[in-house]
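**Student:** The lines below spell out each chain.
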Amino acid sequence: MGIYILKRIGVAVLTLLVIMTITFFLMNAIPGSPFLTEKSTPLQIELANKKYGLDKPLIVQLKNYIVNYLKGDLGTSLKMQEGTSVNEIIFGQGKFALSMRLGLISLLVAVVIGIPLGCLAAYKRGSWLDGFLRVVTTVGVAIPTFVLAALLLIVFAVKLSWLPTLSGNLTGWKSYVMPVISLSFYYMCYIAKLTRTSMLDAINQDYIRTARAKGVNTRGLILKHALRNSLIPVITYLGPVCAGIITGSFVVESTFSIPGLGKYFVQCVLSRDYPVIMGTTVVLSALVIFMNLVVDITYKLVDPRITLVSKEE
Amino acid sequence: MKETFAKLSPFQVDPERVKIGFAADDFEKASAEEKSSMVETRKSVSYWRDAWRRFRKNTVSMVSLMVFLLVLFFAFIGPYLIPYNYSNQYRSSQKLAPGEYSDKELLIKSVEDDIDFMFATALQPGSITALSAGDYYLKYKGKAWCFSLGKTTGDTVFAIIDGEFVKIMERDIKNGEITASKPVDYFKTSEKDAKAQGYVKLDGVRSVFPHVFGTDSTGRDLMARTMYGARVSIIIGVVAAVIVLIIGSIYGSISGLAGGRVDFIMQRVVELIYSIPEVLIVLLLQVVLKDPLQNWFDSSNTVFAKAMSDLGSGIVSIFITFAVLYWVTMARIVRGQVLQLKKQEYVTAATALGASNARIIRRHLLPNCVGQLVITTCLQIPSAIFLESFLSFLGLGVSAPMASLGSLCSDAIATISLYPYRLVYPAVVLTIIVLSLNLVGDGLRDALDPRLKK
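Protein sequences, first through last, are from chains Z and E. Under this note's numbering, the very last position in the first sequence is 328; numbers go up by exactly one each time. Under this note's numbering, the very last position in the second sequence is 1161; numbers go up by exactly one each time.
No wet-lab data here; the hints were simulated from the structure. The beta-carbon is built from N, C-alpha and C at its ideal position, and this holds for glycine as well. Incorrect hints may have been included.
Said to hold, decoys possible - Below, computed lysine-lysine pairings styled on DSS-like, alpha-carbon distance capped at 27 Å:
hint: 1; chain 1: E; residue 1: K764; chain 2: Z; residue 2: K208
hint: 2; chain 1: E; residue 1: K1050; chain 2: Z; residue 2: K139
hint: 3; chain 1: E; residue 1: K895; chain 2: E; residue 2: K850
hint: 4; chain 1: Z; residue 1: K66; chain 2: Z; residue 2: K86
hint: 5; chain 1: E; residue 1: K889; chain 2: E; residue 2: K846
hint: 6; chain 1: Z; residue 1: K22; chain 2: Z; residue 2: K78
hint: 7; chain 1: E; residue 1: K802; chain 2: Z; residue 2: K174
hint: 8; chain 1: Z; residue 1: K71; chain 2: E; residue 2: K997
hint: 9; chain 1: Z; residue 1: K86; chain 2: Z; residue 2: K22
hint: 10; chain 1: E; residue 1: K908; chain 2: E; residue 2: K889
hint: 11; chain 1: Z; residue 1: K22; chain 2: Z; residue 2: K208
hint: 12; chain 1: Z; residue 1: K65; chain 2: Z; residue 2: K86
Claimed, not checked - Derived coverage of chain Z by chain E (criterion: at least 3 residues anywhere in the stretch with Cβ under 8 Å from a Cβ of chain E; other residues may be distant):
hint: 13; segment: 29–39
hint: 14; segment: 265–271
Chain E extracted, bound-state conformation (with noise of 0.2 Å):
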């Protein structure tokens, strides 16, 4: 009987040299101390917080998404902060080169010291000259600052004086001077009440802003535009991004499970659109698609048709042509990591236990290849920003007065000789999101897929 044990386990004891014995506090419940021992100190550590932890050690990507935060912050919260918009002309203030300003403005800022609120004619978009005659209201302080306009003035500056007590000035501008200063009578009320009573409002500024980025030929300011066009390139790329994701990523994984006939002709389809030298097309589909969807913003009235129309035609077909061309590579980086894993236990156990094609793809296969995903649509934004600046350098893409920054750059070409700084802020900002995020997607992939690390 004991042979025949010894036999059947390898590991077992013999029970001869055991000696067995139970002590009475052997039976006690565990204290709570010693309940805690056998607890596990240390978390599990999940894939994200393991990804973000190898992520973290890497200087250089990390120094990267700093500067792609701050990148995001220019775009986004930078427009907020200045008093320019991307697509006001301030007429008095063409051509100006960054930091610099017009005589008007300059004349403007020689009075601000002495007052508390301004409301300048040369300050704003489109007005060089007249303000006619009418009823205005400057606020300040939360009231309404009422005045009326006996005649038509030229350049002009009001001022609220808020030292001692309150006045309105009025002062002219004549050939770079300030040749008359007068108050002016008002009268103090609500906001409610001044516009009740006809009040037109009059948009006012502490103090003149600089064009730290200059301006451009039509007097719009360049930060603002620069600002405004590195948001709508970020957005350019992000979206266009995950529509090769959405579409790589179905593709690809239904080829790669589906397998046999099914996945030879979806890859022979890859590979056909691989082949065709996709900017030849690109160009074609520019200007075959804005007429056509135009009609379709013009005529139709829902939200989506809203939204697009607000992005333009060229920004898109941009998008359309991405959904047509771009999504190969990705399809194909599915299909690899879906060949792998379809082979892997987990997905025989859930085929065996009846889930569908469908759902293996959701729940198994995909969240499984989300690394290289996160990795792939990383490295598609540049790639897409790129693809947009150079449609927009060739007078495709986005239509005035929108900017990206590759409208921007391609505005500042042809003046290059004699205003050669414009090129340089759009260039730079662009240079640095495409270099940012490239060396993001560099740190994603070692974070993400250890494997690949070299």
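Bound conformation, chain Z alone (with noise of 0.2 Å):
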């Protein structure tokens, strides 16, 4: 298990390392000097990049990013006011921590309510509220996060004012409401038709008949027995919901006005601040590297008879 832990972190460090390098290569593959305006001269182009070091070669460039990471200083913006330092722009006003606070709620949304679904539809399989529950959830992966996002903001801010038009430092339990079920609701259906789907599976199982012999009720059935089994490919999911929240935030962000990092980072790539590109870059997949380590892990601590190290030859 250790063994297995540090193999994976391994590779987290490795993935990460390959993405630094290919973002470094595609950002400056965008074509045009992120100093190039309208009033500046060749020679103040040249001189903001030796400032700023982009006069290097761009190995020397890969490898000063390189160390300054590791050292913990993701660098400066070329854009903003002198010397505003990218960890300011990420982690500084509260923003990451706002992104962080809006994803994981979602995600706790996503999982606290997309599972017991599941199980009802199972439990109460054939049943007008499986039919009813089966339409939510099919209808509900064919909506895109936005379309959903901006009916929301229609019907309940717009046309009913119930809930605020501007979400902005989500203060207040109200102002969490539209952007949490846009970001989660996409995902919930996703997690209840898998708990659902693997559930029945579960049900079938020789060991479910064998403890319904023995008299267990079918709540305890359903809660001790079938879920435990059923729940690792919801486990396997949460991987992919995570990297999909962040990309939700993108969009979730914009329309209700929340001043995340998700809303930056569109913003910086089409700017072209270098440094800022990276830094978010780096730091949303560091993130979404991780909680996939984290869900790989808990993926074989929940089932130990999966082997994770590949023996197929």
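Reassemble the complex: the two chains are provided individually, in unrelated frames, and hints are given to aid placement.
**Tutor:** Now the structure itself:
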């Protein structure tokens, strides 16, 4: 187990390095200079390049990035006020914390509501409730996040004015409702579908029949015996969910005007602010990779039958 | 002798107990009737026929398939059935609600009953006012009706009234009323002669077609744009899925068949790409590829480059993104299948007969994965459509005046508090496409791969 975790951490670090390299070369391939404006002269651009070390060979620049990142220094922005550090941009003003809070709550909502809904549907299989849930979840995975967000906005904020149009810094529970729903709805539906399928699978297993024969009541049967086994596919799906929630946050944060990191990432890509692109990509990727790592280890803990070191050949 | 024989074969009948006798008619040729009783009456059921039979029984999937076919009709045939074009801006008809007519259109509508054919400046893209002096013709009943304008006219309707006798009327519209109505001198000729004499064609209409979905802020018809957007989205989805299919199946089958060290390395690459949060890279790629692609379109003259430039750099970079990042799921699935299949006897037999690896993959392995390939490709289409709409929403993806369902939604969201209905149509069409393809994919899974059926 220890070896496995070490191995996985090694792979995670390697992945992060690869992502850094890809991002670095990609952003350098964006045509034009970040300092190019209508007023700038070639001399100014050259001086600016020199100041930020952009005149050095690419390989050296990449090495500098990696060395600085190891020290925890994400560099300084090229575009913002003189000397604004990327650490400040990402973690300052609660941007990162805001995005994390929104993301984690959405993840929690998706899991905490999705799994019981799936169990309920499997438990009441064939009833109208099952049919209803099936329709909702099937439609739920076909609606894009931004459409859902816009619909919620128009119905609850503009027409009914129950909830605020701008969520801002997420003060008060009302400002959470719409962003969290639009961010988590897709995944909630997906998790519910997944849970239902694997629950039905588990219910048909022999050990469930044995337990039933021994007189375990239905609720205990579902909660204690079937649920644990049917959760495995759900846990595997949590990795993609984390990546998806980060992606979704780009849309949700711009729809509800939340000044989070997701909204910022798109802006910095478009403005060619190299260190900020690099910083946000690495931080977000690290987050996703870390979550994947956690998911994989949990996966192993939940189901000891799984051998993670593949022995297919 | 008898005993040894009995030992050799457990089914051996005791020959002493069997009385063998032949009648003469045993040696006659079988009659046609007897022969036909030996012919298999039931045709052997092919894989596809069998799958189709199972698919047809699945009501939900069949309905989804029908719905998807309807959407295809809407997207590909629809644009030819309505007189509006996705990029034309009808300047007198901006910001109309669904089914609403602009004042000018209403006015023209009020006169449409007593005429058979008309040209109205208010209905022409971009022209709100003027038709400058010159020679024009209207094409009606295969003939060209030529007339000349002495002076520039304002809002005008030229109508052909084909009752007892033919006449062309010029009707001026000012401040929402028909101010003048006077006959125009004309002569009838063939279209070819009219063109030869330098007459300019005016495209007429018979009646004012409603803006069923309304119009946007620049006067473009939203139904035409939704149809066009649906077409673009479906094309993106299908092409992206085919790209994923090709790359994924080749990579997966090579990896699975080769095994050993090759497989190990190829699988590490897959794992690496798998763990990259692709959307971050996709956003970067969109920005990075934009200018180089544009340069390539401008410089290259090949047919391929021409076709690509018609699609635009946004869409091509989506394809490239899929080719680079999204094939890994397909590759994993194909590899898994190939690992199972390659142990089958027919693969061993093919190897023994000297078939090359390429031939084994092409003739034996991939055809046997076809069920999985079809299912995964079908489910890949909605995910590509989702990604494109996400990118368009963020302002990447397709560029104006082109439209995709995502960019239409994104445009609508910008003005959502004033015109909420603009979001409804593209969003509903997008949802229907994704929903129906998901359900068709589920149905295909049940039909093509019965082992997976729960």
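**Student:** Going through the earlier hints one by one, which of them does the structure break, listed in rising order?
**Tutor:** 2, 11
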